[in-house]
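Number of protein chains: 2
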Amino acid sequence: MPIEIAGLETLPEVCPGDDLPFLIRTAAAREQQLVDGSVLVAVAQKIVSKAEGAIVDLRKIEPSAMARTWAAAWGKDPRLIEVILTQSRRIVKMDRGVLVTETRNGLVCANSGVDQSNAGGGDLATILPEDPDASAARLRVALGCGAVVVTDTFGRPWREGLVDVAIGVAGLDALDDYRGSADRHGRQLAGTIIAVADQLAAAAGLLMRKRDGCPVVLVRGFRWRAAVGCTRDLIRRPEQDLFR
Amino acid sequence: MPIEIAGLETLPEVCPGDDLPFLIRTAAAREQQLVDGSVLVAVAQKIVSKAEGAIVDLRKIEPSAMARTWAAAWGKDPRLIEVILTQSRRIVKMDRGVLVTETRNGLVCANSGVDQSNAGGGDLATILPEDPDASAARLRVALGCGAVVVTDTFGRPWREGLVDVAIGVAGLDALDDYRGSADRHGRQLAGTIIAVADQLAAAAGLLMRKRDGCPVVLVRGFRWRAAVGCTRDLIRRPEQDLFR
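Chains as they are written, first to last, in the numbering used here: chain A, 441 to 684; chain B, 441 to 684.
Any given hint could be a false lead.
To be verified - Output of the computed footprint for chain A on chain B, the stretches with three or more beta carbons under 8 Å from beta carbons of chain A:
1. 535 to 542
2. 588 to 599
3. 611 to 618
4. 643 to 649
5. 668 to 679
Said to hold, decoys possible - Some chain B residues close to chain A (C-beta under 10 Å, calculated; not the full set):
6. M441
7. P442
8. L602
9. V603
10. D604
11. V659
FYI, nobody ran anything at the bench for these hints, they're computed from the structure. In this text, all values refer to a predicted model and were calculated from it rather than measured experimentally. Ideal placement from N, C-alpha and C gives every residue a C-beta, glycine not left out.
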């Protein structure tokens with residue numbers, strides 16, 4: 441059976457305090473899209489953050505000395521740099537105007553996921569949800585769907601362009617582990633663990649373009665491995681990370 | 441319109457010298473899957489390499505001193521290490537048994553893409569196609585489809601699990617560039633370039649699992665940007681690469 445990926449076209453602009461599951465259910469009903477236990481729902485981080493009020497007003501931010509220095513050197517907004525630093529628990533790379541950080545949840549990404557695009561305009565910036573797995577779990581229960589993946593667009597070393605990855609999961613195993621199974625020739629598949637939650641996020645990302653895109657995407661026909669779900673599984677442990 | 445991702449279920453085992461477009465067309469016809477200009481075909485590197493004879497018989501490989509030393513230290517096959525080194529133009533990381541290299545085509549990945557799984561068994565290993573963009577272009581013409589993405593599963597720094605990425609493209613722009621366009625609030629989208637070829641590869645990867653998977657996947661309903669297509673666009677230039 442083929443996999444079908446459908447974006448919700450009629451979701452309204454999401455604002456702080458909005459009941460996101462209600463907005464999603466309403467848009468799905470309007471578009472005659474059934475949401476049940478067989479459906480995986482991918483939701484862009486931006487609207488999860490906005491609904492949860494994970495928004496910072498830069499006018500209230502007092503930049504530190506480091507934020508001011510870095511911002512001046514690279515033509516950035518020192519208040520935005522301050523928010524990025526505050527949202528980081530470790531700086532992975534700080535070079536040539538680029539800030540790659542580790543967030544409090546262990547994600548490694550540019551700018552701790554702090555972003556001004558589609559944040560509401562003016563001096564507003566979204567930050568990542570406090571606990572994206574918990575956000576995904578709440579959405580899953582409220583929507584009555586099979587699984588939820590909260591996605592964000594991350595850059596990658598060595599490769600140009602952003603790709604959507606999973607920053608929160610509920611209802612599915614984030615990794616598909618093929619270790620111990622054999623290939624078609626009976627050869628053991630030694631190191632084959634697939635980041636299925638990231639592949640689902642990237643697939644949904646095809647319909648989540650920044651402009652005129654759909655921040656909520658329904659995936660049908662894919663058989664995931666049911667589990668509570670945990671983004672921590674996707675994060676490499678420090679002792680195995682060659683690129684700390 | 442939703443995107444539909446369908447794997448070809450009846451493709452036979454691919455062997456060196458096989459006419460891959462013929463095998464794909466035959467399987468598609470058998471499965472009543474129409475392949476025309478509206479369809480993007482994703483093809484796993486493994487079967488492209490096998491059809492092109494990009495296979496190495498390890499019994500014919502004489503390991504260098506470095507390959508022997510590294511293999512002995514980490515319990516690897518010195519002949520396989522030799523092939524990996526020969527397929528590299530630069531070592532990015534060589535630590536704790538892991539070899540991350542840059543291939544002659546500029547791809548950065550583990551083991552230069554050399555792999556023994558599903559290679560044909562015994563002492564055989566596949567290497568990457570000589571010129572994956574050219575492979576994709578030939579497949580596109582022979583299949584009469586709209587675009588082709590040749591995919592491989594790559595690991596990533598900081599994140600566990602492999603994800604399929606594009607190593608060869610034909611008929612589509614590998615990057616979707618949103619720079620200069622504005623968000624819903626009129627804010628310029630400064631750095632937003634989406635690696636759409638990689639997102640398509642990841643989406644196809646959902647049906648390309650190693651075991652019992654489909655190495656050929658048809659994508660329908662997705663509007664890509666038509667172009668000759670070039671994987672080089674996906675490779676970060678050295679002067680902008682913070683993780684050389």
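Here is how each hint holds up against the structure:
no. : hint       : verdict
1   : 535 to 542 : holds (count 4)
2   : 588 to 599 : holds (count 5)
3   : 611 to 618 : holds (count 4)
4   : 643 to 649 : holds (count 5)
5   : 668 to 679 : holds (count 4)
6   : M441       : 8 Å, holds
7   : P442       : 4 Å, holds
8   : L602       : 6 Å, holds
9   : V603       : 5 Å, holds
10  : D604       : 7 Å, holds
11  : V659       : 9 Å, holds
The structure fails none of the hints (numbered hints given earlier).
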